[in-house]
Structure formats: C-alpha cells, structure tokens
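*Asks:* Given the sequences, and given the hints that come with them, work out the whole structure.
Keeping their order, the protein sequence lines are chains A and B.
Going by our numbering, the first residue of the first sequence is number 1, and it counts up by one from there.
Going by our numbering, the first residue of the second sequence is number 1001, and it counts up by one from there.
To be clear, the hints were calculated from the coordinates, so they are not data collected in a lab.
What you were told as hints is all true, and nothing was included just to trick you.
Derived lysine to any residue pairs resembling SDA-like cross-links, with alpha carbons at most 20 Å apart:
#1 A/K56 with B/A1278
#2 A/K168 with A/K420
#3 A/K56 with B/S1274
#4 B/K1124 with B/W1236
Given the structure is predicted, the values throughout are model-derived calculations rather than measurements.
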Amino acid sequence: MTASLTRREALAAGFGTVLLPATLSAQPAAKPAEFKIGVTTFLSGPASVFGVPSRKACEMLVDQINAAGGIAGVPLRATFVDEAPGTDHLVGEFRRLVQSEGVHAMFQSISSGSCLACTPLSRELQKLTILWDCGTQRIFEENRWEYAFRTQGYGTPEILAPLLYLLKKKPDFRTVAVINQDYAWGRDSWELWKAGMDALKPGVRVVAEMFPRFGSTDFSTEITRLLALRPDVILSTSWGGELVTFVRQATERRLHERSTFVLPVAEASLPTLGRSMPEGHIIGTRGDHWNNHPAPANPQLFNEFVTAYRTRFNEWPIYPCHHMAQAIWALKAGVEKAVAAKSGGWPSDLEMANAFRGLTFPTPTSTITLREDGQGLEDQIVGLSSFNDRFPFSVPKEMIQFTGAQVSAPVGQKSTDWLKTLKPDMIASSGRSIG
Amino acid sequence: MRRYEPILALVLAAAMITAAIMAPWLRFVLTIALAKGIAVVGILLLLRAGQVSFGHALYVAFGAYVVAFLAPRLNDAVLLLAAAAVGAGILGLLIGLFVTRYRQIFFGMLNLAMSMVFYSLLEKLYHITHGSDGIRVEVMPVAGQALDRVAYEWSIFGIALALAFTVGLLVRLYLSSPMGEALAGIKTRETRLEFMGVPARGVLLSAYVMSAMLGGIGGAIIAMTSRHVTPLLAYWTSSGELVFIAILGGAGGVLGPFLGAAAFELVRIYAAASFADAWQLILGSVLLLVILFAPGGLWGMAARLLGKGGTR
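*Replies:* What follows is the structure, given as structure tokens:
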C-alpha cells in the first residue's frame, strides 16, 4: 500500500520537475548562463563501439573548452541520449531536449535512420542541429534544411576515395565480390561503389553480392564461397565487431592471400584486431584523421588531442572521437562567428544557424567547409594496412589524400547520378600521395 | 471495480491532457503511450484466452508501414487509420487461420516467427522499404483539414485519446458478451467449451483478428506521431515491449494497458533522461518489482487501493 503511494508521489514529483523548465524555456534570446548541447549517440547495443568513445571524446573536449573559458565566454554542457531504443523513443528525446531541457544545439546521430528521422525536427523546432557522424547521402540530397549541418564527410566520398585508391594502386583487378551487413548502410555503400566502379572501370565482373544478417557472428559460408570464387577484390563496408569477426575468420582460412580486401570503415576495428589484421589491404577511416597522419595541418593540436584522449581513457581515439571533435570545433567556430556578427549580443536560433552556412573551420588535420547545402567537405585518406613500432595495431602506409570537394557529389546532384558521370581520367587526376 | 473504471479513465485522460498542455514534448510521449495502449488492448484480449503473442509488433509495424506507403496517395489521417486497421485485420485473419490452431508456447513462438519474417522482409526489400533507414511520414490533413504542425499534433493526440475511449468501451462490451466470456473458457478448459457447442477456434480467431486490428491502429498512430517508420517496429524487442506493458498495466481491465503504456513511456523517458547508461536496468527493475509485489499490475494495485479487490 505504502509502496504504491510513494510511487505515485514520485511520478507526480517527476511531472513537477519537468513542467517547470518547460514554462521557463520560452524566453527571448539572452546570453545563456551555459550553452547546452544534446548529444544522441549509441550507449548500448552493437554500435556502442562508436558511441561510447565518441561520448568520452565529447566529455573531454567540453572540459577542455570550459577550462579555456567556454564558447564566446559561455561554458558548455552536454547531455547524452541513447540512440539504441529506436526511432519513436529518439524522436521523443529530441523534443524533450529542445522543448524541456532548452538545449541550444543538438548533435545527432550515429545511425542514418536516426538522422533521417530527427533532421526534419530541426526545422520544426527551429533548432541548430549538427549531424556529427551519420553517413547517409539522402539527408542533403533529397531535402534542404535551414538548421541542419553535417560537420564531416558522408557515404559518397567515404566509398569513392577507397575505390579511387584501389584503381590507382591495383588497377588490374577483374573480379570483385562484396560482403556487407544487411541494412541500409551495407546496401547504400554497395550501390555507390557499383555506380562509381562501372563508370571508372567498366567491365569488372561482380562474382558475389553477399549481405549476411546484421549482427552475424559466423561468416564461414560466405568465406567458403569467396575461397571458391577467388575474386581479385573483396569489398566490405562492415564495421565494429562484425568486421573484426569477419577478418579473423577470413585470415584463418587465408582468404587474404588470394584477394585484396577493401575496408572503408576499418579504422575503428583495427585496435581490436591488433596484429591479426593482415598487411597490404586497403583501409579507410571515414575521413583524414589517422593516428599516424604524416602531415597534419596543426601537428601540435593533433598530438594534444590524441595524447589527452589516451592519457584520460587509456585507449587510442578512433574515428567517431574525431567526428565528435569536428562537431564541437565547428560549433565553437560557428557560434563565435554568430556572436561576433551580432557585435556582442546573443544571436537567435536562426542567426546562429545561418552562421554555419559556408563556414570553414579548422581541424587538427585540415579544414572543413560546410557547403551551402549544409554538407561538410572532409578530406579522405586511404592507405594500405601495415605495422610499425609506434602502434600495437595496423595503420596505413602509402597514404593518398583526396580533398573533400574532389570526391563529393556537387550541390544539387544525387550521388548515384553523379557517380555514373565520372570519367576514368579522374583516377589519375585526383588524390595526392602523402607518404 | 468495474464501476470505477470509467471514472478512473476520465481522471487519467484529464491528467494526460493537462500534462500535454503544460509540456509540449509530453504530448508526443503520451500520444505514443496511447497508441501502444491501444495495441496492448489487443494483447489483453488474447491474454483472456490464456495466450501470449510474442509477435504482436507485426501488426503494429504493418499498420505503421501502411501509413508510410499509402500516405502519398491517400493523404488523410482518418482514411489512413481506417486502411491500417482493415489491412492489419486482413493480415491477422490470414495468419490467425493457422496460428489459432496452436496454444500456449507454440502460439507465442509462431507469432514471434511471423513478426520476424516481416522484419526481415522490411530489411531485405531494401529498394522498396529503404531498409533500416526507414520511411518518413509528412504532416497530413486530418479529415480533409490541412493543419499546421502543432494543430496536427493536437489532432493526432485527440484522435488517439478518442480511439482509446472507443476501443476501451467496445472491448469492455465484448469481454462481457458470450463471445468474450468464451475466451476465458479457452483458458480454463477448452474441451468444455466444445461440449457446449462453442467453436473454440472461431472464438480465438475472432479475438485474434480484433487484436490485429488494434495493433494496426496503434501502429498507424505511432507512424503519424513519430513520423518516421523503421523496421525496428517489427523486431521482437518491440513485441516484448507490448507484453511488458500488458504485465505492467495488468490484465484485469481495459484501463490496464493504458496505465501500463503511460507508466512504461514515462519510466523509460525519465530513466533515459537521468541515467542514459542504465535505462534498461531501471525498466527491468520496475518490471521485476511489479511482478514480485503487484502481480495484478498497476490496475491490480489501483483496485486494491480502492479496496474493492480487482476481479477478472
């Protein structure tokens, strides 16, 4: 009896605490006491291999920025939300953060499905939204968004760069097989690759298209087939634990000796794979932020970031950490630009968002420009897996850097249409060897 | 207790409306809760016959995808709701024809299998369904009225609330009718039912089709509220969620599912807001506490508070 009463009281108390800030949030734009960001990321489930490190990176950078005086003099505060429970929950959480917590900017998400569901909310709730990690090309190619910006590359450059690398380094392949996870990214990335490959090197035979179930732990059937088919190239855009499992099972059966792997999302799995990653295969990192980047634009900042992350969390930063960092650096640059334009006043949500269009902000490795459609142009670096003394895991060698503009579909064009128009002379003209 | 049910329902509805006015984001959460409540009433029907469906998310997802696919052509919330209900009903009839041959764990697992087949189809037919990226649902007119976003959200909330009342009332009538009483007969002793000349399969099938329609309606409202449908709606965890809500709310009365759904959504959102890392643990603990200390669910607890004893 008493237990049920206290629960009811607890529920009522809960209502009270939520209703109070909701009534306070409808005030004109004054300089806030703290700049709140709502971050959606995977804190549970298979994609938490990306989500948890990115959260750590976010917390670390927020601490660093606050120690240095905040953004435009305002300290940052990040609230994290788990993406794992699914769309209806996440959409509700997005609203809660904006309408009840009164966040000033949203950072979302890892999953493309989450991004597609939440980006329209940026317009409805008129809130600055930074897409910090998801890769789907559909966001900015199918719609225009006033409040949403993506501070990193996306599927098209992340697939085209490894493809160009393959065509530059090992142009003689005749057959290709694909083994991708059976969900949107696995299908999309294959479609992009196929469109690009057919335009740049017509006549390559696709010997197998395999889409094992998302979350598979056994690839023996697929590996047997690949061993029998002997494709010259095996593409896999799988990530996380599945990629680790696939590479381990494939190398045990010496698949890597017959075929060249192309693994555009390999970087995040390499620390786990350690020495079991075979050498001489093409690896990508969804950007240019390799831990062994030979010539970052700002070496001091890059080393500081990597060292600080390693010291605090005792692990190497992986690409979601860098993507999170890019989002925060973009936020800093954009908000400070908006505040400067307002000559000291605090900008409204729309003024804040407008400051991001065309914004160029520095990253430790390069700079990123947010195009007029909101898409960021991030450089891509692809290389061959190799080992050296500095790292207990595989890192790239013979790296080639592709600038973001070279490998992204122009504003207003759909990626698959644009990829079909590519000419083979692009292979020689694009990319710059950086050692 | 039955006497108090309508009054309690009105109190609950008033509380929901107040909360939705005071905090706009709660309106969204409560609309979802109402939609899930409607779907869980379907689970409750089957629970009356002692059958647990571990795959009812199939109908919720089907209703949601009906909305997503037909929205460009049949651009009206009322028509889409009807289409989702009818579509889910037909699907329920087809599947019900053979799953109602089975009882207990076989019934539950067959339903689970069906929903996972649908889930896989949604993922595999990538070029039609966009796979895990899902399909977006735009704001649509309601009964011929083009609305702005806030008015639209209020209308969907209102429709969900009105449907919840209608469904609650109809199911109450149904459960006290001979057909509804026969459901309890399936639970206690099916053979006796046959001796009395009541076809047990027919009784269960009609309840199954009804519960499928309720699932479809719930799914359609979810699609119109979250405005983005993904295959996750058909995944077994979503089915589990519905059963969870049914247990949390209690199977004693039709108000139980709505109590359960509101409590579930609120607990989840508060847990996620306060402990982003451990919300699953909190949800699980709440369910364990309910099972251990209030086997009749929230409804049973309310009944005990009113001192009348929750009768079935």
